[in-house]
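Sequence lines, in order, name chains A and B.
If you're matching positions, the first sequence starts at 1 in the numbering used here and goes up one per residue.
If you're matching positions, the second sequence starts at 1001 in the numbering used here and goes up one per residue.
Please note that a few of the clues may not be correct.
Using C-beta positions, here's what the derived DEER-type ranges look like [said to hold, decoys possible]: (1) B:P1470 - A:D67: 51 to 61 Å; (2) A:D70 - B:R1310: 50 to 60 Å; (3) B:D1147 - A:H40: 23 to 33 Å; (4) A:L53 - B:E1213: 42 to 52 Å; (5) B:G1285 - A:D45: 31 to 41 Å; (6) B:S1139 - A:D70: 30 to 40 Å; (7) A:D25 - B:G1349: 23 to 33 Å; (8) B:S1139 - A:D67: 24 to 34 Å; (9) B:R1310 - A:L53: 34 to 44 Å; (10) A:D70 - B:A1168: 35 to 45 Å.
A short list of chain A residues far from chain B (calculated; beta carbon distances all over 12 Å) [said to hold, decoys possible]: (11) R30; (12) Q46; (13) L49; (14) V69.
What the hints contain is simulated information worked out from the structure, not anything from laboratory work.
By construction, the Cβ of each residue, glycine as well, lies at the ideal position given by its N, Cα and C atoms.
So the chains spell out like this:
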Amino acid sequence: MNHESAWYEIRLHGRLDPRWAAWFDGMTLRTHADGTTVLHGPLADQAALHGLLQRLRDLGLPLLSVDRVDLDQPQRKQS
Amino acid sequence: MAGLLVETKLFRPRTRPGLVDRPRLDERLLRKDGTGLTLVSAPAGFGKTTLVSEWASDGAAWVSLEESDQDPVAFWTYVLTALDRAAPGVADDALTVLQSGPAPIETILASVLNELSVLPGEIDLVLDDYHLADSLEISRGMTYLLDHLPPQLHLLISTRADPALPLARLRARGELVEVRAADLRFTLEEVSSYFTGMGLDADAIATLEERTEGWIAALGLAALSLRGRSDATGFINDFAGDDRYIVDYLVDEVLDREPAQVRRFLLETSIVDRLTGSLCDAVTGQPGGRAMLESLERQNLFVVPLDDRRQWYRYHHLFADVLRARLLAERGDITDLHRRAAKWYDDAGDTVAAVHHAVAAGDVDHAADLVELAVPALRRDRQEATIRRWLDDIPEDVVRRRPVLAIGFVGALMASNEFPGVEQRLQDIERQLAGPADELVVVDRSELERLPSAIETYRAALDLIAGHPPGTIEHAAVALDLAIPGDDLTIAAASALSALASWAGGDIESAHRGYAAAAAGLERAGHISDVLGCSVTLADLEMTQGRLRQAEATLERALSLAGDGIRGASDMYVGLSRIAWERNDLDAATDYLRRAEELGAASDLPQNPYRWRLAMARIREAEGHLDSALNLLDAAITVYVGDFSPNVRPLTAVRARLLIRQGDLSAAQEWADSVPDELSYLHEYEHITAARLMMAQRKDAVPLLERLRAAAEDRTGSLIEILVLQALAGRDPAALERALTLAEPEGYVRVFVAEGEPMLTMLQRLRPASAYVRRLLDAARQPTRVSTPQTLLDPLSDRELDVLRLLTSELDGPSIARELVVSLNTVRTHTKHIYTKLGVNNRRAAIRRAHQLGLLTR
Chain A
1 MNHESAWYEI
11 RLHGRLDPRW
21 AAWFDGMTLR
31 THADGTTVLH
41 GPLADQAALH
51 GLLQRLRDLG
61 LPLLSVDRVD
71 LDQPQRKQS
Chain B
1001 MAGLLVETKL
1011 FRPRTRPGLV
1021 DRPRLDERLL
1031 RKDGTGLTLV
1041 SAPAGFGKTT
1051 LVSEWASDGA
1061 AWVSLEESDQ
1071 DPVAFWTYVL
1081 TALDRAAPGV
1091 ADDALTVLQS
1101 GPAPIETILA
1111 SVLNELSVLP
1121 GEIDLVLDDY
1131 HLADSLEISR
1141 GMTYLLDHLP
1151 PQLHLLISTR
1161 ADPALPLARL
1171 RARGELVEVR
1181 AADLRFTLEE
1191 VSSYFTGMGL
1201 DADAIATLEE
1211 RTEGWIAALG
1221 LAALSLRGRS
1231 DATGFINDFA
1241 GDDRYIVDYL
1251 VDEVLDREPA
1261 QVRRFLLETS
1271 IVDRLTGSLC
1281 DAVTGQPGGR
1291 AMLESLERQN
1301 LFVVPLDDRR
1311 QWYRYHHLFA
1321 DVLRARLLAE
1331 RGDITDLHRR
1341 AAKWYDDAGD
1351 TVAAVHHAVA
1361 AGDVDHAADL
1371 VELAVPALRR
1381 DRQEATIRRW
1391 LDDIPEDVVR
1401 RRPVLAIGFV
1411 GALMASNEFP
1421 GVEQRLQDIE
1431 RQLAGPADEL
1441 VVVDRSELER
1451 LPSAIETYRA
1461 ALDLIAGHPP
1471 GTIEHAAVAL
1481 DLAIPGDDLT
1491 IAAASALSAL
1501 ASWAGGDIES
1511 AHRGYAAAAA
1521 GLERAGHISD
1531 VLGCSVTLAD
1541 LEMTQGRLRQ
1551 AEATLERALS
1561 LAGDGIRGAS
1571 DMYVGLSRIA
1581 WERNDLDAAT
1591 DYLRRAEELG
1601 AASDLPQNPY
1611 RWRLAMARIR
1621 EAEGHLDSAL
1631 NLLDAAITVY
1641 VGDFSPNVRP
1651 LTAVRARLLI
1661 RQGDLSAAQE
1671 WADSVPDELS
1681 YLHEYEHITA
1691 ARLMMAQRKD
1701 AVPLLERLRA
1711 AAEDRTGSLI
1721 EILVLQALAG
1731 RDPAALERAL
1741 TLAEPEGYVR
1751 VFVAEGEPML
1761 TMLQRLRPAS
1771 AYVRRLLDAA
1781 RQPTRVSTPQ
1791 TLLDPLSDRE
1801 LDVLRLLTSE
1811 LDGPSIAREL
1821 VVSLNTVRTH
1831 TKHIYTKLGV
1841 NNRRAAIRRA
1851 HQLGLLTR
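With the sequences and hints as input, model every part of the structure.
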């Protein structure tokens, strides 16, 4: 499995305003009716992923799931 | 490094009065005894720091950690400094060793733990924001600390993420007290008590509790939002009905009600980690920063004071993140703010922060300028780890245009033991230098000239590390050839590297020449402490060459360069003590050690703690106090720190000689079994020791001694000793005759008289008329020097003397208690009395004082 650049979907509990996109290095933010928010976007490598997770932790945002997504097949893959 | 400490990191935050009492948590945290670790682990905004600040006693050792503390030298410097302030003297030795070069963290911590384990009092050590520093190397040291934690030290870690420490093990042993998010959340009762007096009914309180889930940061913000609001219930209902990220929602509420000027101030200054008036003025471009900070503090609006003088503040971490995110969203481009912060920090001399903001501003070239100029000073202060971290911030293509910066990074990589790729970088720099000069970016043109020589010096070092001394000598020669006059540090480095390589190969003459050149270069460059370091080695080589008087002159000259106040001065006295010992002037030898001791740890090079003990052991042995000498040697072994020099006189071999003298031949034989057979200068001392053992075992040592003598012809110091042994083992007057001829001009005494009656008889027979021999005989027949009797006003009791003797061993507090069959508390009481009577406040000082007073020689 390639551990370098990949797209990720990170799901949080709570609704995060889209203006937070810049804080999360240009990930797109989508809020869902079930009261969760999904961050979606490319991350350079594992270090970038962990950096992003730390930012979420520092805000006290409860993490629900982290998924790596394949761009060719838009459905989610378990990571 | 001491000058570079950020004082506010060692400041225990003041807690605000009037907050909610939390007896259920206090009760749990009160259990300090028998607890290995208290862990407060919860996300931001759960009131960790407030709680912990109440837990910590007055005078607790407190460290607020930051990301830069992932560097072990920085981390342990702060932790040890905090401990040393809480209990003066406990970390003296450890800090000396830590700051003077690479040493295993276990060695450094062992010396602190040794002190702490007999500490009469107790210390609370708080590591706040531990998650910022948590890293593999920090975990290693912390795990060691936890495994050896003395009961006097109460360790508390406050963190947002569980640390990489053996928590399960501590938990299983019942040695872990944990306070987690679930414990920290405000209960309904606590929420109610928090909002007392704000006119909220029970429903409103319940709604707040439910919506915030007891999250203290959110409750605090809610309270701020409620201030001066007429329709509290309306606000609470709106709040409860919105599922937005709670802190975001509430910060909006608070910010919207602040004047535009305050709002702007909060957002713009959120980019810096620590706030002070003039920095805020620089970043915002507006005056009045200091007054604004004080007003924010009064209103309890996001800021936390970092000192008692209203100078430095920081935003609460959680709000800082929210403010920064909002700033980014509203402004998009915030490079101008970072650029102004970089300038302020640069003017204030804080290069680390200046570089951080220059990089954030996208000014990598400016950042590169700053780094390039900062390298020499950081290297002098052994802060290479800081330089190393910048390598990740500055893009390679910027480095590739900047040869001076590139060589600075090479130095930092070498100091961090990252050797792969260094040769490639050196070749890149050579290519840059060969290319068109106008494509190079250099802040300080004069630095450019020294690069060719510096490159070859690093190659010399690479070869030494790779175990290829001939390559080192070759590259060092080229480096010296290329060196421009006046580049004294490069000349010194190349000379020292060449000397080390020669020494490892047994070429003492070349090694001596190299070190002499290195010392001269360092002296011209004004690095006096390093001159003293070189002088220790020079004197050592001179003694091996049998030039006692020259060794004495070397040490005295080094001392005269800077006097007693400089690091390394103490090492000079220890060296002079050894020369006095060779001349059998034990009073002078003892006196030098006393002077070394009086200078204190700040004058020690990292090797001095073991060298001092070794020197004292030799004196005690000469006085016939063999047990005391063995004790000191064992202590020397526990504090031994190597350097790059070959370990030509291993302490275990010195110890074996003492065992032989004590008649414990089987223990000495056990040591001898591990000595390599191959004869080389590096093992000469061990082989002479082995020959001594054979003589004690009545085996024929003559053939071995003859081989050693043939190999040692150009090392007069070694030769004299070998000849003395040959004379005894082979009843060989010619050997003794030669030894006397070599030894007389330098005034050697100890090497003869230490051999006792058989040697004295031989001397008497051989040259009864020689004045030198008469001097030797007189020295030997002097009654054994009587140590100064105890002259304390309030003498130590017998029991205290027992404890004192054990304090000199490597035993920790509990082991000493076991040895004496008493409780640890009893040991601590005795220790307290001993410290008071000796007028000291730590174990190390007590031991040295005891040695001076001759309390340990019975």
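Notebook entry, point to check: Which of the numbered hints are not met once you compare them with the structure shown?
Noted result: 3 and 4
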